[in-house]
Amino acid sequence: MRPHPTQSRRASTARWAPPTLLLVLAVSGSRGATPTHAPVIAAPGVANPAHIAAGGLPPPGPVVRNPYRGDAAVARAGAKLFVSMHCSDCHADAAAGAVGPNLGDGRWRYGASDAAVFRSIYFGRPRGMPAFGGMLGAQGVWVLVTYLRSLPPPSDLPTERFTRH
Amino acid sequence: MAGFLAIAAIASATIASAAAGSAPVGAPADGEWPMPAGDYAATRYSPLDQIDPANAPRLHPVWSFSTGVLGGHEGQPLVVGDTMFVVTPWPNVLYAFDLSRAGYPLKWKYRPNVSRAAIGAACCDVVNRGAVYADGKIIYNLLDGHTVAVDAATGHLVWETKIASVADGETVTMAPLVIGNRVIVGASGGEFGIYGWIKGLDLATGRVVWTGHNLGPDAGMLIRAGEFHPPYVSGTQLGLRSWAGDSWKHGGAPVWGWISYDPKRDLLYYGTGNAGPYDAEQRAGDNRWSSSVLARRPEDGTLVWAYQFTPHDSWDYDATGAMILANLTIGGKRVPALVHFDKNGFAYTLDRSTGRVLVAKPFTHLTWAKSIDLATGRPVMNPAMQTGDTKGDVKGICPSLEGGVSPASPGAYSPRTHLFYTSTNNFCMDYTVHRIAYIKGTPYMGVSSPYTPGPGGYLGAFIAWDATTGRVVWKDEEPYPSWSGALVTAGNVAFYGTLDGWFKAVDARTGKLLYRFKVGSGVVGAPIAFRGPDGRQYVAIYAGIGGDWALLAGDTLSADPTDLRAPNPLVNNLASRTSQGGMVWIFGL
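Read top to bottom, the protein sequences are chains Y and X. Each residue of the first sequence is one higher than the one before, counting from 0 in numbering that gives the first Met the number 0. Each residue of the second sequence is one higher than the one before, counting from 0 in numbering that gives the first Met the number 0.
Among the clues, some could well be false.
To be verified - Residues from chain X that face chain Y, not an exhaustive set, calculated with beta carbons under 7 Å:
no.: 1; residue: L550
no.: 2; residue: D562
no.: 3; residue: L563
These aren't lab readings, by the way, just hints derived from the structure by calculation. Backbone N, C-alpha and C define an ideal beta-carbon position, used for all residues, glycine too.
Put together the whole structure using the sequences plus the hints.
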């Protein structure tokens, strides 16, 4: 039960405000009058069409930037964290895919940006991806993101050829 | 109610046959298939004999249905009266088909509101191993830790009980069994550090009547004074003292396979899964009762005996495969036997009254042990194959952690040929583990285990086995691991499916191939036989590759454009033969 050296508890002390919490929605225009019937809500004008693209991602919050982007040393630390946090037990060695999807194929179910990958790890995803933000903190999650983004894309998976068999 | 009476008839037939000393224990009294293995004895034997080796080449598909679900279609349909019931993998849809009308249209379907989060807590695909019929209800488990009872006539929910906690790594994939007024259920999670258990629910209400753990303190295991008699060990707190420190608390020993029952002895039998984590050095000791068979009283769960196939499991050798009950003649003596094909590569013939080992022989190539010592019941280990975080990369362990047979592939027994039939695997592994911390709700594994082929140039085989002597009688080699359940009939035809999508009928006496058909996706389910409302014999099978192969042969998955997988080197051309699917097939003459 020894702690893994890369599983730094210090990381979890780093405070990071999730972008969705910064999106404060004005939900009430009440100025003292108590409504006596259901309010009529007019459709608002569409300020940003990206907000309503079918199947699109949530509206963008503040810009979330990977502080370690491209840092090879951080990526190597992330490879170790990927094992010690049990990521490899679902996503396989080198994130090649097992219970969870391949994370090294250059394709992303919930968006390809570093920020989207960050959100997947920090908050979890509904098909059973646990939320690791509480354990790892923002810094630890960025270390994992940096590792995943360092994986080399596959050479020839999109078109599989079977004639040789 | 016809089905309920049928079960009563099965029970009485069981007692009658046991009294007469003839096998099998509890053959179906008619052409129905009301429980997972067809009967309490888990024989997967059908007394129907219309299909025989002479006419089997004329078999052909008479019906098929797409379940609408892609995922490992393990388990089997049920047939009760004029209705066939089918349970799918997550999201665990239950279909009821009317066999009395042309085209077998749906009578109803039941769609439970099952959690998506459970997908991530399932170690090995989102499979379900089937339902059981009793008292007018179809009863089955949902992946997210619920047992449901559905009115067999209407499809309306009768009761629903939360039995397991996904947040603690428990999911439910096993096939329940109804014994008297108890519904017997268990949970998966040997890869998630669960504290493994089995429960008895009240058939009428679903209320949890008892919970018996498979490890830990005696009280939690439902060990009652003077009633627990394991055959080779004695003393108290065996499930506690055989684990270093408090490692039993996350020691696994899940229940994800099959239950069988002997009405004469009033004992239910089931196997437990692997100990966790995979690093065996973090849990010194025998780790009882992981990788074991346990015998309990169905009414209150009292533990009566237990036998451990793989002490201190260091290879993920679950013992959750079927426990098949048959009365055999060994050395001139009539024996109440329990026969089990274990992941560890040995087939065991036990005395099901006491748990003592009568015969234990390898049914596939193995290297981790030399033999089983019948005096002590313990394996004679190969020291070079011990694993642990200080052992480094241990090469050439056979069988692999997929097992000499997968517990998801239950065998069959024919009282006509006196032979057992089972799928088997023939591949090995290199095994590296690292120390690991428990993180609730995440895998508690820490292993890397690439596979290599076993000797002989084949990866799987369907075999006939003589459990009185422990020898292979015949063997049909397969190019891929063999992952389907077995069926054998009074017509002396055995049925199984292959990972590359063939459904096969073979002569039960010789193994000669009689008929095969490509069912569209790899077969990991188990065939059944039934008599239709027209009086004819039919055979049903699921097609839908999955289970461990959804993980291992990721190139057979095509449904997610954001998830591309390289072929598994062991079966690098499997995706050229099959892809994911979800079909129910019925064959007839």
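Status of the hints after comparison with the structure:
Satisfaction of the interface hint for L550/X is found here, the shortest Cβ-Cβ separation to chain Y being roughly 4 Å, below the 7 Å cut-off. Evaluation of the D562/X hint against chain Y yields a held restraint, the C-beta minimum of about 4 Å falling below 7 Å. Below 7 Å, beta-carbon pairs count as interface contacts, and L563/X has one with chain Y at about 4 Å; its hint therefore holds.
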